[in-house]
Amino acid sequence: MLAIAIKPSKIDEDIVEFGRFVEKYFDYYIIDAENVAIVDEDILEGLEKISKVVMTVQAKKEDAFKLLELYASYDFDLCVVLGNKQYLSDRERRFSNNRILDVVREAIGYGKDVWVGTEGVESLVKDIIEEYNLISYYLYGQKCNINSKKAVYVPFATKIDENVLKSMKGYLNRRRNYKGNWRDFILSLEDREVLKRIKDNNDIVVGYPIILNKEEILNFIKGSVQCERW
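First residue of the sequence shown: 1, per my numbering; consecutive thereafter.
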């Protein structure tokens, strides 16, 4: 299965209209977590009309449980991640990592499909993911040693050049063991063998377009189809 993840602040188009484009080609449309969460009812109602939208909640945010309750009132899958430090206040950063377990348990209680981000907390969330058959959501470049359905988050571009690498500098520098080996963490669609290997080893491949436009997204779906023919 294939998915596209987007950050609303990075997109010039209306995220609902963009989602209607994405759903023509992909199984899931994932709204990444950012500093400001989507709470506008008109936007949420529009997203609900798109097949298989996944809304992300950062467990360390003060309003995590309130946001979870809001999203669970719509027909969305729920994705719980620990939380990116750049989106958290000083107080939120001090919350224990164990908070993610409380938020995941709350998400399970809503009877939705639940994705769990494993970055930095794999050993912590492993048991609950396996017990409730949740979706392990991990970053390309990490290992995922959890016995569950796996979704891998893959930043990609049709061609990786210096401008792309510059735009991903912060992301790459946050990766452990990054020493200029960008191919281990982001994908060039020119590397068809790598894309095929990613697809073969995961249930869901979540593409994050580094250059966020429809052409890049179409190139991702074309590359995915072509690598199946090998």
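Rather than coming from a laboratory, the hints here were simulated on the basis of the structure.
Ideal placement from N, C-alpha and C gives every residue a C-beta, glycine not left out.
Hints are not guaranteed to be accurate.
[Claimed, not checked] Each computed SDA-like pair below joins lysine to any residue, with the alpha-carbon atoms no more than 25 angstroms apart:
(1) Lys126 x Asp32
(2) Lys159 x Lys126
(3) Lys126 x Asn177
(4) Lys52 x Glu69
(5) Lys24 x Glu62
(6) Lys143 x Tyr110
(7) Lys24 x Lys149
(8) Lys66 x Lys24
(9) Lys112 x Ser148
(10) Lys196 x Asn177
(11) Lys150 x Asp102
(12) Lys10 x Leu70
(13) Lys149 x Lys214
(14) Lys149 x Lys159
(15) Lys214 x Asn177
(16) Lys166 x Lys149
[Said to hold, decoys possible] Derived Cβ-Cβ restraints for the label pairs, each shown as a range:
(17) Glu193 x Asn98: 38 to 44 angstroms
(18) Asp203 x Lys49: 41 to 47 angstroms
(19) Asn35 x Glu13: 17 to 23 angstroms
(20) Glu131 x Lys166: 40 to 46 angstroms
(21) Glu190 x Asn98: 21 to 27 angstroms
(22) Lys10 x Lys222: 31 to 37 angstroms
Violated hints - listed by number, lowest first: 2, 5, 6, 8, 13, 14, 15, 16, 18, 21 and 22
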